[in-house]
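Here are the chains, one letter per residue:
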Amino acid sequence: METLINNLIASGLFGAKPSFDVVAAIVEFVAGAVVFLVVAMPFAGVVTWLERRVWARIQSRVGPNRVGPQGFLQWLADGLKNICKEDLIPAEADAPLFKLAPYLVMLAFILPWSVMPFSSSLILADLNVGVLFFTSVTALTVVGVLMAGWASNDKWSLIGGIRSAAQIVSYEIPAGLSIFPVVLMTGTLSMQGIIQAQGWAPQHWFVFANPFTFIAANVLFVSALAEGNRTPFDLPEAESELVAGFATEYSGMRYTFFFMAEWGNLFLIGALMTTLFLGGWRFPHVSDNVVVMNILELITFNVKVLAVVFVSMWIRGTLPRVRIDQLMTLCWKYLVPISFADMIGTAVWVAIWPDGNAFMGYLMFAGGLAVLAVFVRRVVYYVRRSRMELYFRPGI
Amino acid sequence: MYLHFGVPLALTVFGVLLIAAMFGLQKLLSPNNPYQRKLTPYECGEPPTGRAWINFNVRFYLIALIFVVFEVEVAFIYPIAAVYLNWVRSGQRLYALAEILIFLLILFVGLIYVWVKHDLEWVKKVPE
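Order-wise, the sequence lines are chains B and R.
According to my numbering, the residues represented by the first sequence are 1 to 396, in order.
According to my numbering, the residues represented by the second sequence are 397 to 524, in order.
Treat the hints as calculated values from the structure; they're not laboratory data.
Just so you know, not all the hints are guaranteed correct.
[Said to hold, decoys possible] Now the in silico label distances, taken between C-beta atoms and shown as ranges:
| id | chain 1 | residue 1 | chain 2 | residue 2 | range |
| --- | --- | --- | --- | --- | --- |
| 1 | B | Ile26 | R | Gly446 | 50 to 60 Å |
| 2 | B | Val291 | R | Asn429 | 33 to 43 Å |
| 3 | B | Leu4 | R | Glu467 | 14 to 24 Å |
| 4 | R | Asn453 | B | Ala307 | 33 to 43 Å |
| 5 | B | Val46 | R | Asp515 | 18 to 28 Å |
The model shown is predicted, which means the values in this text are computed figures rather than measured ones.
Cβ atoms here follow ideal geometry from the backbone N, Cα and C, with glycine treated the same way.
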């Protein structure tokens with residue numbers, strides 16, 4: 001980024017003798033705005049349409065298919081409808097907090113994009129505390145959600161808000177602890193540093209590095225789903241018991257911001273998983289052209305993120321919701337001790353093999369393929385046995 | 397390095413401006429016709445009984461307290477985890493391992509204490 005700013009100053013675009021700080025501020029502001037407007041907002045919109053289509057397929061329905069080709073523009077129609085809705089603030093609500101809550105929830109969604117490693121060059125700021133920054137700013141959600149639930153002065157909102165706060169703070173612990181195996185193995189907290197410590201081939205990804213990181217990856221995924229209020233952990237907005245949870249009293253744009261942040265968080269979950277465990281943007285060195293390599297890396301990163309996002313949609317379409325006592329039991333009695341054991345195991349592993357064990361990578365990868373094969377075989381078996389009538393026509 | 401930390405600040409300013417602009421746009425486009433019955437809290441169509449700012453289940457406070465203890469400890473593990481590999485590479489692997497194990501043990505004793513006291517159960521059984 002320094003070279004970019006120096007080039008811009010040399011080009012004379014900002015007058016004869018601009019201050020370095022002013023130019024840096026302008027460049028950072030524009031770059032952040034471009035990343036957010038071009039990547040984050042459209043993704044949060046498109047993923048609502050994509051998710052409704054995927055669920056519809058899982059539940060043998062068609063889903064939204066009227067607005068635009070295949071219903072692709074449904075999210076724009078929803079956004080336009082919401083911006084034309086009346087903005088209501090309940091008479092007894094705590095108005096300043098009620099208005100502040102969407103800002104906090106949206107900031108928790110906007111800020112992680114500053115450390116999002118799209119490719120080897122495309123990253124806004126490669127902070128040396130990248131992972132810590134990522135987890136700490138996404139935790140800002142809990143303040144916004146609790147504020148929204150409390151300020152509405154509505155019983156549904158209050159229950160939704162405190163449930164959400166309890167759930168997010170509980171699952172923060174296993175999520176935080178299951179990041180440590182990767183940090184222990186790389187010795188860095190920077191997102192690019194962690195990705196560069198992995199290879200492009202699956203046996204060099206951290207998810208297959210040793211048995212402990214494999215468990216850590218699964219724990220992190222479950223905790224991330226719970227932190228994002230996703231099914232099977234969507235108690236805060238359980239529509240069959242709590243109307244709309246903490247968002248009951250919200251309408252119009254305020255409501256839209258809450259749900260834009262929630263769906264946008266899917267990308268953040270996928271990006272965190274991809275960066276820490278699935279090899280990030282690593283791609284085999286096929287060209288010496290920097291631009292070509294960056295485009296290939298960008299595609300690799302996004303494909304991996306979308307794969308993780310698809311799995312979370314799949315989980316949402318198939319699993320029922322858990323009860324709140326089951327939720328807390330799962331977190332404190334299973335995930336927290338497991339992630340503790342994981343961390344100790346990784347520490348011992350790193351003390352024995354500081355440079356990793358190459359044989360274990362191949363073994364774990366082979367094991368992963370075997371599990372996948374068994375899974376596919378079982379699915380095929382049950383589909384045959386139930387004599388389901390499958391219509392595989394994506395074009396409806 | 398301060399250049400890098402400017403990016404989150406720039407994104408914050410941009411985000412606040414963007415959200416405020418969207419709210420301004422909504423003010424221009426949307427109708428505004430509030431009246432007293434519309435502004436009552438939603439309680440399934442019935443007139444609301446009492447206020448919602450009540451004492452809620454004490455379990456939530458306990459969860460928050462346990463969380464604070466653990467989260468602070470997790471925050472303290474980050475520096476150790478980041479320098480652990482360097483320690484191992486420089487030949488002090490047993491020392492480093494003992495250090496990290498003692499640290500985690502203290503944290504784990506806390507979890508066991510809470511567990512034994514039955515504070516992890518959502519419905520706590522009161523001893524007779």
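Each hint, compared with the structure:
Roughly 53 Å separates the CB atoms of Ile26/B and Gly446/R, a value that falls within the hinted 50 to 60 Å. Separated by about 54 Å at the C-beta atoms, Val291/B and Asn429/R break the suggested range of 33 to 43 Å. Evaluation of the 14 to 24 Å hint for Leu4/B and Glu467/R yields a failure: the beta carbon distance comes to about 37 Å. Our hint of 33 to 43 Å for Asn453/R and Ala307/B holds, since their Cβ atoms are close to 39 Å apart.
Between Val46/B and Asp515/R the C-beta distance comes to about 43 Å, which lies outside the given range of 18 to 28 Å.
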